Amino acid sequence: MQPLTEQEIRGAFVNASLRERNSITLPDLDNLAWDQLDFLGWRDRKIDNVGYVVTRLDDEPVGVMLRTGNGRTRTRPQCSWCEDVHLPNEVVFFSAKRAGAAGRKGDTIGTLVCAGFECSANVRKLPPLAYVGFDAEAARLERIETLRGNVSRFVAAVLG
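Residue 144 is where the sequence shown ends in my numbering, and the numbering goes up by one at each step.
For the record, the hints were derived by calculation from the structure and aren't laboratory data.
As the structure is a prediction and not an experimental result, all values here were calculated from the model.
Where is the CB? At the ideal position from N, CA and C, for every residue including glycine.
Treat the hints with care, as some may be off.
Stated by the list, open to error - Label pairs and their in silico Cβ distance ranges:
id: 1; residue 1: G117; residue 2: N73; range: 38 to 44 Å
id: 2; residue 1: A120; residue 2: D14; range: 31 to 37 Å
id: 3; residue 1: N6; residue 2: P112; range: 42 to 48 Å
id: 4; residue 1: T9; residue 2: G144; range: 47 to 53 Å
id: 5; residue 1: K109; residue 2: A141; range: 24 to 30 Å
id: 6; residue 1: V69; residue 2: A140; range: 37 to 43 Å
With the sequences and hints as input, model every part of the structure.
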């Protein structure tokens, strides 16, 4: 992912009010490994149930504010974005208010995602060898592209 400035990030949110955008607690942008990120995702340090995701659609940054669900799952869910079946981290339900008039009416969309948005790191791990001759590097590159597509489709769905 290309590095973003604080101003670009705050201006990218499509489902947050001006007040919400101005109160976002940003991560330490100077210490991010931007080349290892397929999207920028973080949890708000001040508001426990809020997370943020910024990705690029048509080379423009688009941000989505997310809220965690209150319920617990009975079984361990799989992340809908990285689709990793050997996750070292928790997966939680996030919902996002839709952009525009639909969001103002209360329409939301939800997804299961790694609790701390560790998806970019998860897809970069080499998968175990499935069979003799399995190309683990090609599988890793495919997982990275799948993650990018899944995040882009979710953000596009928030846009409506």
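Hints, one by one, checked against the model:
1. The given range of 38 to 44 Å is broken by G117 and N73, whose C-beta atoms sit roughly 31 Å from each other.
2. Checked against the hint of 31 to 37 Å, the pair A120 and D14 passes, with Cβ atoms roughly 33 Å apart.
3. N6 and P112 have their C-beta atoms about 45 Å apart, which keeps the hinted 42 to 48 Å range intact.
4. Range check, T9 to G144: Cβ separation about 27 Å, and the 47 to 53 Å hint is violated.
5. As the Cβ distance of K109 to A141 is approximately 27 Å, the hint placing it in 24 to 30 Å holds.
6. Take V69 and A140: their Cβ atoms lie about 25 Å apart, and the range 37 to 43 Å is violated.
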